[in-house]
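Peer 1: Sequence:
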Amino acid sequence: MPCVGDWLNSPLSIVQGIFAQNVPNSDWEKKVTEYFKEKLKENNATNWVPSLNDVPVHYLKPNSLVKFRCMVQDMFDPEFYMGVYETVDPNTNARVLHFGKYRDVAECGPQQEIDLNSSQTVTSERQTFYCVPVPGESAWFSLLSVWFLNPQFHAYISASQARVSPSTSYTPSRHKRSYEEDEDMDLHPSKQKEQHMGNNCCGGSDIHGCVEPKRLETEASAGHHVISPNCSPPLDLNFPLPGEKGPACLVKVYESWESFKVNDVLEVFGVLSVDPVLSIVNSEERDSSTLDPMECMDTAEEQRVHSPPASLVPRIHVILAQKLQHINPLLPACLNEEESKTCEFVSNFMSELSPVRAELLGFLTHALLGDSLAAEYLILHLISTVYARRDVLPLGKFTVNLSGCPRNSAFTEHLYRLIQQLVPASYHLRMSIESMNHSRFIPHKDYTANRLVSGLLQLASNTSLVIDETQLEQGQLDTAGVHNVTALGNLITWQKVDYDFNYHRMEFPCNINVLIASEGRSLLPSDCQVHLQPQIIPPNMEEYMSSLLTAVLPSVLNKFRIYLSLLKLLDYSISDEVTKAVEEDFVEMRKNDPESVTADDLHKMLLVARFLSLSAGQTTLSRERWLRAKQLEALRKARLQQQKCVNGNEL
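Heads up: the sequence shown is residues 32 to 682, going by our numbering.
Derived from the structure by calculation, the hints contain no laboratory data. Don't be surprised by glycine CBs; every beta carbon is placed ideally from N, CA and C. One or more hints might be untrue.
[Claimed, not checked] For each label pair, taking beta carbons as the anchor points, the in silico distance ranges come out as:
| no. | residue 1 | residue 2 | range |
| --- | --- | --- | --- |
| 1 | P556 | Q649 | 47 to 55 Å |
| 2 | L554 | K611 | 34 to 42 Å |
| 3 | K62 | R654 | 51 to 59 Å |
| 4 | P585 | H475 | 38 to 46 Å |
| 5 | E65 | N148 | 28 to 36 Å |
Throw the hints in and build the complete structure from the sequences for me.
Peer 2: In structure tokens:
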């Protein structure tokens, strides 16, 4: 079990040591990255790093190492900072080099000042991402992150509380508290300000301004000021989905930021910065009556959004970052690596895949009121994913329209709750005239605040979106409602969302699993319509659905979760021999029924065959799976035809 050492509690002291040993060599930054990379490989040390997803910010020690699992909601402009700067003692002329990387504020010793004209000063660049927790992250996911993967959580919290005084709490009502000051600072903000300007610091302006004694902000951008929440409207954290909780963070990346883009899901390890001096410095700059308007082109709203109080939106200075293939805590983080533990995990689970699939099929059959055919297609839908794009066509998407859902019952609501227990991220979109007309689906650019305002469709890859049409009644869609319905159609058909930049629209590709529940045929497009045929009608739908979850052991539920996430990541191929057999079979089908069998039917059967194979743990198509796919499609079509005969041309 790793010891919680300096690299975790005081990472900047480690950086300082490496910097001091390697200056003036320029490779000290690379050595810092390698050091922490090796530390995090030791004995599951990543589990010891506290996560902002699970631990409230006020429990965490400022300037400690933290991790954050997040989605990039927006990218701000790159900013310049002092990567290396030199301080001088006016009395002795002694000079000392310092690093500014991984800091918001440049610090130096007593009786020292920063020499802005030093030839040793190095100006560097970093990219700031505005990151939010993964939208729609399931509750079971957070619980597993804390309890299953990190059993030392309670020990860490106890240790944190012992290390950190109550004054480390950063809440909206106490956003200017310093993390080394006593209770008196809460009652006398001016005293707090004076002490910050007089104790162990080097000035309070950016690197282009005049240097006041004792503290200097390392960020060189002139447009990063904070307006006090006491004097302005509440800060909108810009979460894509309503009711979301968790911290939003300004994630500052120093290397390879070109590889990250909006909507990517990242796990970052870095230095937590919640320095209240940022709020003080920016407030002073905002309040200064001598500030030349030409020197600051940012609007007040942009300053407020880009430099919010660190107590509300903490900063993370990234040491290591990686894109995540998935966010399921039950799986290894990266399944592409040829590590023995990863290979062993996959092979062990694949060996017991058949009974897991059988149990999952039974579970979903009960959830779908005894309809085993609909349960088969629901499994195929849940493991589907866009694996490639050919021109504008996304390959692998499998949107299912589950028609025939009871209208005046809580069936769809409870079905979503069951799906929510199986997937890491999901959202239930209740489709109504009001929600279509008044909700914001498409993200748009706010040029006044210079930020991307989020919308409901700004979701992470592989999010399950369940659209409930059973609540839809007659009414008039206004212009916004029509745009929202069009956006849903584009998402389903092309797996893209056109973000609104006022003067133009920009396509953002996505990979969202869409399930549409409707009474009749959906007004939205779909890849496959399955008409529900309930075999049982429970007298109490809520009690029936709740009993299903209660009856499943937690260990079995975890196997379902692993099954659905793992199969999305498997490769798949079709041999030349099977390809030829499928082509011959399709030609024969066309001969027998030229009017009913189309190229679209072939595409659909190949999709069903693909997911049927993967659902059985097979990464190549066999003759058996192809025949089974044809059988399922025949049953599905026959059911639709039967319903059409009953209800006329409804389906």
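Peer 1: It remains to establish, for every hint, whether it holds in the given structure.
Peer 2: These are the hints, each one checked on the structure:
{"no.": "1", "hint": "P556 / Q649: 47 to 55 Å", "result": "30 Å, violated"}
{"no.": "2", "hint": "L554 / K611: 34 to 42 Å", "result": "40 Å, holds"}
{"no.": "3", "hint": "K62 / R654: 51 to 59 Å", "result": "56 Å, holds"}
{"no.": "4", "hint": "P585 / H475: 38 to 46 Å", "result": "42 Å, holds"}
{"no.": "5", "hint": "E65 / N148: 28 to 36 Å", "result": "33 Å, holds"}
Comparing the model with each earlier hint shows a violation of hint 1 alone; every other hint is respected.
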